[in-house]
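Q: The listed protein sequences derive, respectively, from chains A and B. Residue numbers for the first sequence follow the numbering used here, so the first one is 11 and each next one is one higher. Residue numbers for the second sequence follow the numbering used here, so the first one is 11 and each next one is one higher.
Simulated from the structure, these hints should not be mistaken for laboratory data. Please note that the accuracy of each hint is not assured.
Treat identical chains as interchangeable: a pair holds within one or across any two.
[As the list claims (entries may be wrong)] 20 Å max Cα-Cα, derived DMTMM-like pairs, lysine to aspartate or glutamate:
| no. | residue 1 | residue 2 |
| --- | --- | --- |
| 1 | K251 | E128 |
| 2 | K230 | E194 |
| 3 | K223 | E194 |
| 4 | K254 | D208 |
| 5 | K223 | E187 |
| 6 | K251 | D138 |
| 7 | K219 | E79 |
| 8 | K219 | E187 |
| 9 | K223 | D75 |
| 10 | K254 | D75 |
These are the residues of each chain, in order.
Number of protein chains: 2
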Amino acid sequence: MNLDSISVVLVSTTHSGNIGATARVMANMGLSRLSLVTPRAAIDEEARTRASGADHILDSARVFDSLPEALSDAVYVVGTSARQRMSRWRVFDPQGAADTIAGATISGEPAALVFGRESSGLSNAELDCCNALVSIPVDSAFPSLNLAAAVTVMAYALRCRAMEAKEPNEAAGARVEIPATAGEREHLFAHLVETLDDVGFLRSHGREKLMRKIRYLYSKAQPSSEEVAIARGILAAIRQKIRK
Amino acid sequence: MNLDSISVVLVSTTHSGNIGATARVMANMGLSRLSLVTPRAAIDEEARTRASGADHILDSARVFDSLPEALSDAVYVVGTSARQRMSRWRVFDPQGAADTIAGATISGEPAALVFGRESSGLSNAELDCCNALVSIPVDSAFPSLNLAAAVTVMAYALRCRAMEAKEPNEAAGARVEIPATAGEREHLFAHLVETLDDVGFLRSHGREKLMRKIRYLYSKAQPSSEEVAIARGILAAIRQKIRK
């Protein structure tokens, strides 16, 4: 696992201090890629103070207008969630999440770890962009974790995993597929929605609920780029046939 | 291991925000005993803000004039140190430290985890009060860890250790799906082959090779029974549309 290829993505952060504290602990743990999606706070003096010298991370942070844009090159995306039980996604603890990210990025492919708003976390639509979720095992009596503390736990778990994995273990080398990116995945879903509309399937079923189920199935499979291409080829053939 | 019997001891803390953030993450991780040795910062508004509701921990914090006083009832003391190699002490990583604390407090004896000054850590005399040290494995290029971040890592490590002791496999429990049977899977493949024949897709592609790829994708996803049913519903809708 290459820590340089893992992005920390903060969505709509409202406290600049949290952005700064995130940059600092990223530098501590050897992470370097910070993305800000529609930030509600600036990289201001408070952020610089809390970053305590990790200015290189703040200065190279990239800002995006939407989460899918920020994730477009990621082959594997883990979202943080306070909810411990969500039947729709695989939910890992921090070490499990670090393991699964390591497994998905064996050849240094980009991955992303997404953190939601201080107040309300990630929306369902944002969770839909993720392959899996991570839930930090907090005390149910006081579950509200500071954003930078959540980043700290996850960055630490990733660092432990990266240090463990210095000598690549053999079983891990079996995969030769090129994993599909989040961008390819969104194209496939769009194509699928069009096709299901063509055949009238979405009219008879709860559209959103169905697509969420399909996204979940997809997230479990972690398809390769080629597999996505095959699926799109099939959809194209179906649509062509229908329109004849 | 009983988290209630482990004290977090902050020595000569200079930033009240760090005291507040420490209280918050202690509450998140199920720790409750906070001790302040010769604090240089007060439990002020900044501390309250950063504690974000963990006032019970701030209000019950005990203040001491010296570290030995704060540690008087502890059977085992671990000090945090940025230095990775110190010949005089055993130095653990965070999980190792949590393990050794668990081992020393099997019957719920009090233990303590000591954190030094933001600027300079613990003095040699203070380190002498400890049974062992813990060093968080930070990047040597940017080793300066925020005090509350260090508390976060250690509190998380302790919590993981305490949960392990209770229920070994908890985090894995999120999935409650009924996996599809091999029979359901074969029906799905047969249905898919028919549909692909209908749309002429298999004529233009190597039939066997394609189906092998689809089977492989399926095996990665480990679909539930419901997911297979949805896929078959979609195929049925497609075939119906084509035959109209």
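Q: Now, for every hint given, state plainly whether the structure supports it.
A: Structure-based check of each hint:
1. K251 to E128: neither (49 Å within a copy, 47 Å between copies)
2. K230 to E194: The answer is both: 16 Å in one copy and 18 Å across copies each meet 20 Å.
3. K223 to E194: both (18 Å within a copy, 18 Å between copies)
4. K254 to D208: For K254 and D208, the Cα distance is within 20 Å both inside one copy (12 Å) and across copies (13 Å).
5. K223 to E187: between (24 Å within a copy, 12 Å between copies)
6. K251 to D138: neither (31 Å within a copy, 29 Å between copies)
7. K219 to E79: neither (23 Å within a copy, 34 Å between copies)
8. K219 to E187: between (30 Å within a copy, 16 Å between copies)
9. K223 to D75: neither (26 Å within a copy, 36 Å between copies)
10. K254 to D75: neither (39 Å within a copy, 44 Å between copies)
Of the numbered hints given earlier, the model fails hints 1, 6, 7, 9, 10; all others are met.
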